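There are 2 protein chains.
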Amino acid sequence: MHTYQPPVKDFMFILYDLFQINEKHSDIFADYSKDMVEPILIEAGRLASEVILPTNKAGDIEGCTLESGKVKTPNSFKEAFNKIASGEWPSLNCDPEFGGQGIPLTIATAVGEFFGSANVALYIYHVLSHGVYSTIKAHGTSKQKSTFLPNLVKSKWTGTMNLTEPQCGTDLAMIKTRAVPSINDSYKISGQKIYISAGDHDLAENIIHLVLAKIPGSPDGVKGISLFIVPKFIVSPNGEILNPNNVSVGKVERKMGIHGNATCVMNYDEATGYLLGLENKGLSCMFTMMNEARHAVGMQGLSQAEIAYQYANQHAKDRVQGKPIVLTDRDTKRNNDTQTSDTIICHPDIRRMLLEQKSFIEGARAFAIWSSLLIDKGNYSNDEDAKGLVSLLIPIFKAFLSDKGFESTVIAQQVLGGQGYVEDSEMSQFVRDARIAMIYEGTNGIQAIDLIGRKLTASGGKYVVNFIREVKSFINNSSNDEIFKTDFVTPLNSALDDLEKSLDYLSKYGLADPNNALSGASDFLHLFGHVILGYLWSQIGKKSLTRINENRDVDFYQAKFETGKFYMKRSLPETKLRLARVLSGKDSVMNINQDRF
Amino acid sequence: MHTYQPPVKDFMFILYDLFQINEKHSDIFADYSKDMVEPILIEAGRLASEVILPTNKAGDIEGCTLESGKVKTPNSFKEAFNKIASGEWPSLNCDPEFGGQGIPLTIATAVGEFFGSANVALYIYHVLSHGVYSTIKAHGTSKQKSTFLPNLVKSKWTGTMNLTEPQCGTDLAMIKTRAVPSINDSYKISGQKIYISAGDHDLAENIIHLVLAKIPGSPDGVKGISLFIVPKFIVSPNGEILNPNNVSVGKVERKMGIHGNATCVMNYDEATGYLLGLENKGLSCMFTMMNEARHAVGMQGLSQAEIAYQYANQHAKDRVQGKPIVLTDRDTKRNNDTQTSDTIICHPDIRRMLLEQKSFIEGARAFAIWSSLLIDKGNYSNDEDAKGLVSLLIPIFKAFLSDKGFESTVIAQQVLGGQGYVEDSEMSQFVRDARIAMIYEGTNGIQAIDLIGRKLTASGGKYVVNFIREVKSFINNSSNDEIFKTDFVTPLNSALDDLEKSLDYLSKYGLADPNNALSGASDFLHLFGHVILGYLWSQIGKKSLTRINENRDVDFYQAKFETGKFYMKRSLPETKLRLARVLSGKDSVMNINQDRF
Numbered sequence: 001m002h003t004y005q006p007p008v009k010d011f012m013f014i015l016y017d018l019f020q021i022n023e024k025h026s027d028i029f030a031d032y033s034k035d036m037v038e039p040i041l042i043e044a045g046r047l048a049s050e051v052i053l054p055t056n057k058a059g060d061i062e063g064c065t066l067e068s069g070k071v072k073t074p075n076s077f078k079e080a081f082n083k084i085a086s087g088e089w090p091s092l093n094c095d096p097e098f099g100g101q102g103i104p105l106t107i108a109t110a111v112g113e114f115f116g117s118a119n120v121a122l123y124i125y126h127v128l129s130h131g132v133y134s135t136i137k138a139h140g141t142s143k144q145k146s147t148f149l150p151n152l153v154k155s156k157w158t159g160t161m162n163l164t165e166p167q168c169g170t171d172l173a174m175i176k177t178r179a180v181p182s183i184n185d186s187y188k189i190s191g192q193k194i195y196i197s198a199g200d201h202d203l204a205e206n207i208i209h210l211v212l213a214k215i216p217g218s219p220d221g222v223k224g225i226s227l228f229i230v231p232k233f234i235v236s237p238n239g240e241i242l243n244p245n246n247v248s249v250g251k252v253e254r255k256m257g258i259h260g261n262a263t264c265v266m267n268y269d270e271a272t273g274y275l276l277g278l279e280n281k282g283l284s285c286m287f288t289m290m291n292e293a294r295h296a297v298g299m300q301g302l303s304q305a306e307i308a309y310q311y312a313n314q315h316a317k318d319r320v321q322g323k324p325i326v327l328t329d330r331d332t333k334r335n336n337d338t339q340t341s342d343t344i345i346c347h348p349d350i351r352r353m354l355l356e357q358k359s360f361i362e363g364a365r366a367f368a369i370w371s372s373l374l375i376d377k378g379n380y381s382n383d384e385d386a387k388g389l390v391s392l393l394i395p396i397f398k399a400f401l402s403d404k405g406f407e408s409t410v411i412a413q414q415v416l417g418g419q420g421y422v423e424d425s426e427m428s429q430f431v432r433d434a435r436i437a438m439i440y441e442g443t444n445g446i447q448a449i450d451l452i453g454r455k456l457t458a459s460g461g462k463y464v465v466n467f468i469r470e471v472k473s474f475i476n477n478s479s480n481d482e483i484f485k486t487d488f489v490t491p492l493n494s495a496l497d498d499l500e501k502s503l504d505y506l507s508k509y510g511l512a513d514p515n516n517a518l519s520g521a522s523d524f525l526h527l528f529g530h531v532i533l534g535y536l537w538s539q540i541g542k543k544s545l546t547r548i549n550e551n552r553d554v555d556f557y558q559a560k561f562e563t564g565k566f567y568m569k570r571s572l573p574e575t576k577l578r579l580a581r582v583l584s585g586k587d588s589v590m591n592i593n594q595d596r597f
Numbered sequence: 001m002h003t004y005q006p007p008v009k010d011f012m013f014i015l016y017d018l019f020q021i022n023e024k025h026s027d028i029f030a031d032y033s034k035d036m037v038e039p040i041l042i043e044a045g046r047l048a049s050e051v052i053l054p055t056n057k058a059g060d061i062e063g064c065t066l067e068s069g070k071v072k073t074p075n076s077f078k079e080a081f082n083k084i085a086s087g088e089w090p091s092l093n094c095d096p097e098f099g100g101q102g103i104p105l106t107i108a109t110a111v112g113e114f115f116g117s118a119n120v121a122l123y124i125y126h127v128l129s130h131g132v133y134s135t136i137k138a139h140g141t142s143k144q145k146s147t148f149l150p151n152l153v154k155s156k157w158t159g160t161m162n163l164t165e166p167q168c169g170t171d172l173a174m175i176k177t178r179a180v181p182s183i184n185d186s187y188k189i190s191g192q193k194i195y196i197s198a199g200d201h202d203l204a205e206n207i208i209h210l211v212l213a214k215i216p217g218s219p220d221g222v223k224g225i226s227l228f229i230v231p232k233f234i235v236s237p238n239g240e241i242l243n244p245n246n247v248s249v250g251k252v253e254r255k256m257g258i259h260g261n262a263t264c265v266m267n268y269d270e271a272t273g274y275l276l277g278l279e280n281k282g283l284s285c286m287f288t289m290m291n292e293a294r295h296a297v298g299m300q301g302l303s304q305a306e307i308a309y310q311y312a313n314q315h316a317k318d319r320v321q322g323k324p325i326v327l328t329d330r331d332t333k334r335n336n337d338t339q340t341s342d343t344i345i346c347h348p349d350i351r352r353m354l355l356e357q358k359s360f361i362e363g364a365r366a367f368a369i370w371s372s373l374l375i376d377k378g379n380y381s382n383d384e385d386a387k388g389l390v391s392l393l394i395p396i397f398k399a400f401l402s403d404k405g406f407e408s409t410v411i412a413q414q415v416l417g418g419q420g421y422v423e424d425s426e427m428s429q430f431v432r433d434a435r436i437a438m439i440y441e442g443t444n445g446i447q448a449i450d451l452i453g454r455k456l457t458a459s460g461g462k463y464v465v466n467f468i469r470e471v472k473s474f475i476n477n478s479s480n481d482e483i484f485k486t487d488f489v490t491p492l493n494s495a496l497d498d499l500e501k502s503l504d505y506l507s508k509y510g511l512a513d514p515n516n517a518l519s520g521a522s523d524f525l526h527l528f529g530h531v532i533l534g535y536l537w538s539q540i541g542k543k544s545l546t547r548i549n550e551n552r553d554v555d556f557y558q559a560k561f562e563t564g565k566f567y568m569k570r571s572l573p574e575t576k577l578r579l580a581r582v583l584s585g586k587d588s589v590m591n592i593n594q595d596r597f
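Chains as they are written, first to last, in our numbering: chain X, 1 to 597; chain E, 1 to 597.
Fair warning: there could be bad hints in the mix.
You can't tell identical chains apart in this list, so a pair holds if it fits in one copy or across any two.
Stated by the list, open to error - SDA-like, lysine to any residue: derived pairs with alpha carbons at most 20 Å apart:
1) Lys154 - Phe556
2) Lys251 - Val422
3) Lys317 - Gln167
4) Lys462 - Arg596
5) Lys176 - Lys323
6) Lys9 - Thr546
7) Lys485 - Asp497
8) Lys323 - Leu511
9) Lys57 - Glu253
10) Lys323 - Gly221
11) Lys57 - Arg254
12) Lys317 - Pro166
13) Lys72 - Glu205
14) Lys154 - Ile40
15) Lys387 - Val465
16) Lys508 - Ile325
17) Lys323 - Gly453
18) Lys70 - Ile241
19) Lys323 - Asp171
20) Lys72 - Val422
21) Lys317 - Glu165
22) Lys9 - Arg596
23) Lys72 - His25
24) Lys317 - Asn591
25) Lys387 - Gly453
I should point out that these hints are in silico values taken from the structure, not numbers from a laboratory.
What you are looking at is a predicted structure, and each value in this text was computed from that prediction instead of being measured.
With the hints as constraints, model all of the structure from the sequences given.
Here it is as structure tokens:
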């Protein structure tokens, strides 16, 4: 009944028409022509819709169970996991030296959206493995790389990130897990880690845990944390499984969503571990790949929004209910027996809901590609400006896309009315699965604090100044078309002005008293997020106008233009509300005595 | 671990200090002194926290099952249900003629919030029964009343509302269920009803279904719908159970939340039914009690927000994590071993989240009492202005409180970080349970359409004009206190201005093309909702200032004043965003061809 149409066309538009990756970034994408990339996306989309999606609902119902100390994943997962692996999809942007395909992240991002839409709980096993791959690749010795990377790339093994303990999540200074030096440069790791995604399962031969722990005698706080490789099974240097390590699963959490992904309490009881990177530099090793990891979580928000939108859209075109007062679609058919009612997509409030989703999703997708492109430019070309800008953008990408992605699934659910509340429709699952992205990989509150506390001020504020200059230059060079000016340039200019005002406030009052800045941190992040989407929609609008004038694929570009207009008119003005909040400072937030909460 | 503190003090403040029900509405509340009402609220609160709340989580986990055609509710429900019944709580505002206690809705509203917070899935059985009681009381023959009401009042029987069918929810013109005249003024009812809350269960002896159906030969559409009483068991005139009726349960739905309330597919197979009210007047009979029913659903949003807030607040005061840059609370204690970290309530972004919840909840609670008061004035004193005003307010109350109530639970969940996503913390349940209130009893989109399509224009727009006049008069008579003016009067005035501008737009462009109004209906409703809460917060602020000056309970009133300030500064400016959307009209919503969604 439900189908998923991978948004291949939209990605191709963004990659090759909007960002013109072949022409403008030929140093990276010279080998990635449209003709080469489109079949990859089509094939990934086919796998997502035909193989992965059918496992999604069953995975939610079945969930993961702990049986005799071992985690059992949903029955359907094994086959889909293996098909993803045998298609070498997880290794798309891994280094060929270790068996990967060396394709830029920008292309892999599209594939990630498809797989995340189809079954995010399953896809997370691969996302985490990729994080472990990247961290070992960045910090491992050559022996560690040759031992662990090939099987991670092949998805023969998966990986996990172990940071959180019962007494500490955000505040890693309080970590209690111990790593005591042992024979042959190994360590004995002891402690409990909680909320470990993909902590145990039956999908792969081995699991490579990356574990933060303290070596006795190391400095207090975050400066005394080291990172360790702790495999579920000890392996030989060439990757053969030897004996089980002292790692056990204490519990599988019962969660709101992503039921198919096992979130575990992990107990390390003198487990054998190997130092990754330098002693006491564990945090910076763990967070080397932070941009990629947070990007992947933002993508989860987008991917859930997309699948939920597709189901809502389908429903709105199928469900006959109520007679609109005014019919504006010429193609509307009165399609029930008695001709008294119409499909609900004819109703303005249903369209309003669909457009809130659609205009967010398509704008966010452009943001996804833009930020991936910057990451690639940083990695391939060592472009410092790209690195700096993407570091600024990443907390926004993670938090804005997960917040709005969740909201978007809630709106999609609303389109279905009562059916949306019933699990059979799967809308509840999209809402429940989307919710986690606002929490893990640093809560969205932490992203906001990172944005105003670190990213804005990095390199003397250079990157936010660069961003503003870029948008102003776009505005100044924008078309003279009056419609475009009214519909895009004017609102963009106004939103940018709000961003500048909020920055003025932060530098004037936030430095004097950080609580003035922190009280509005989340609002500032959302303000910035809207400016980014407004800027991207304006670029899309301009491009669309050009293509319409060239009489190319007019229907497609006309829809883009109208969807962008909706965003500029109805979503972007939120910057004013966010600005008002930022400007209200600390008083109304900090004045109440905590006993009066 | 988790405790629930019934907000008795806040209700007492709203009833006796803010609205002064004894003095200002003595015709209704002369007998309801503070000394009489407070013990009622305390006792209801005790029942909620000690008896009802402990059943909530187990009810969510266990859910309802269909076994051999009968619905089994969660094990713990029976005892709590019986204690609520034996305390005569559901009959609080029922007519003494049928065994009720005749207490005004305004008082019962407080009790409803407590029970809803403690276990909304359980409480809904009572809410629905009350709806059936009210409908039979309003439209039943004296024989119907004496047969059905006493046992409904006693909660010996419960009731259900049967409107939706697979092909129709909002659009009841498409109802297919048939009612064929039979012997002794009875009818044979045949058809299928879906999404019937409390459709079957094992908590009471009998279930009285109110069923919308068409009598053969009746007019097409909504003018041919009649309402029938269809008991699960046929009863004698004095209420003795005789034989089973031809009513069966086809399915119990698997839902996102309210698992303890059985949502059923009900099959009527020549079931015996009795016409309630006049033939073909079924819809107006069913909707007589619409204000009360929609009020009850708005209360669900508030009640879930309150319990979620309490859990989040508790967590924020317990959880030690991170060191705030600036400590503004003089009473903050450095309370972990190493003195490096503090409770998270010291962090501005956590406070921001708590205050978003708190300022919504306390404002909404004042709205709950204000609207109940208007319903009581309509019922007791036949006050036409009160009736008109509350009809205008009810769609806003239902939709605004359920939308914001849901949002508030999501924010509460965020305060807990990873713990919030794990079902053990119960935060997921509050989110999932709150979600339904946005959908049933008319989706929030339908509320918005009702508001702009019917309520605004009723009696020539008299009631919205009255409302605006009332707020203006408050503004003009407000205190000369400069702080109060800056913090409350100025933002209220500005929000009221936004309301007037949106009304101007609706009357100018909405009448010419209804799609201009309908495209902004939901935004208009939210704009109006904020103005109402802003108005109520201003009244609370003014009262608080008076009490502070009188040196009475200064801590309490100071917190009220500060919480109100937060609302006025940070939530109320949303009216500007909503206005921008209303003013954007139909173009960006209706222009895209439906094939391009």
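Quiz item: Is the C-alpha distance from Lys485 to Asp497 at most 20 Å within one copy, between copies, in both cases, or in neither?
Solution: within (16 Å within a copy, 28 Å between copies)
Self-check item: Up to 20 Å CA-CA - Thr546 versus Lys9, copy category
Solution: Within. Shortest intra-copy distance 18 Å satisfies the 20 Å Cα cut-off; inter-copy 63 Å does not.
Exercise. Up to 20 Å between alpha-carbons, please classify Lys317 paired with Pro166: within, between, both or neither.
Key: Intra 48 Å, inter 16 Å, cutoff 20 Å: inter-copy only.
Exercise. Measure nothing new, just compare the shortest in-copy and cross-copy C-alpha distances for Lys323 and Gly221 to 20 Å and report within, between, both or neither.
Key: between (65 Å within a copy, 12 Å between copies)
Quiz prompt | Intra- versus inter-copy proximity for Val422 and Lys251 (alpha-carbon distance at most 20 Å) | solution = between (29 Å within a copy, 12 Å between copies)
Quiz item: From the Cα coordinates, with 20 Å as the cut-off, is the pair Lys72 and His25 best called within, between, both, or neither?
Solution: Answer is neither; intra-copy 45 Å and inter-copy 64 Å both fail.
Practice problem: Indicate which option fits the pair Lys57, Arg254 if close means a Cα-Cα distance not exceeding 20 Å: within, between, both or neither. | Solution: Both. Shortest intra-copy (17 Å) and inter-copy (13 Å) distances satisfy the 20 Å Cα cut-off.
Quiz prompt | Intra/inter-copy verdict for Lys323 and Asp171 if alpha-carbon distance must be at most 20 Å | solution = The answer is between: 9 Å across copies meets 20 Å, while 56 Å in one copy does not.
Quiz item: At most 20 Å between C-alpha atoms: does Lys70 with Ile241 qualify within a copy, between copies, both, or neither?
Solution: Within one copy only: 17 Å inside a chain, 53 Å across chains, cut-off 20 Å.
Quiz prompt | Intra- versus inter-subunit Cα pairing at 20 Å for Lys462 with Arg596 | solution = For Lys462 and Arg596, the Cα distance exceeds 20 Å both inside one copy (42 Å) and across copies (41 Å).
Quiz item: Given identical chains, is Lys508 near Ile325, meaning Cα to Cα at most 20 Å, within a copy, between copies, both, or neither?
Solution: Cα proximity of Lys508 and Ile325: across copies only (17 Å, versus 52 Å in one copy).
Exercise. Using 20 Å as the alpha carbon limit, work out where Lys154 and Ile40 are close: within a copy, between copies, both or neither.
Key: within (18 Å within a copy, 67 Å between copies)
Of the hints listed earlier, those the structure fails to meet are numbers 1, 4 and 23, in rising order.
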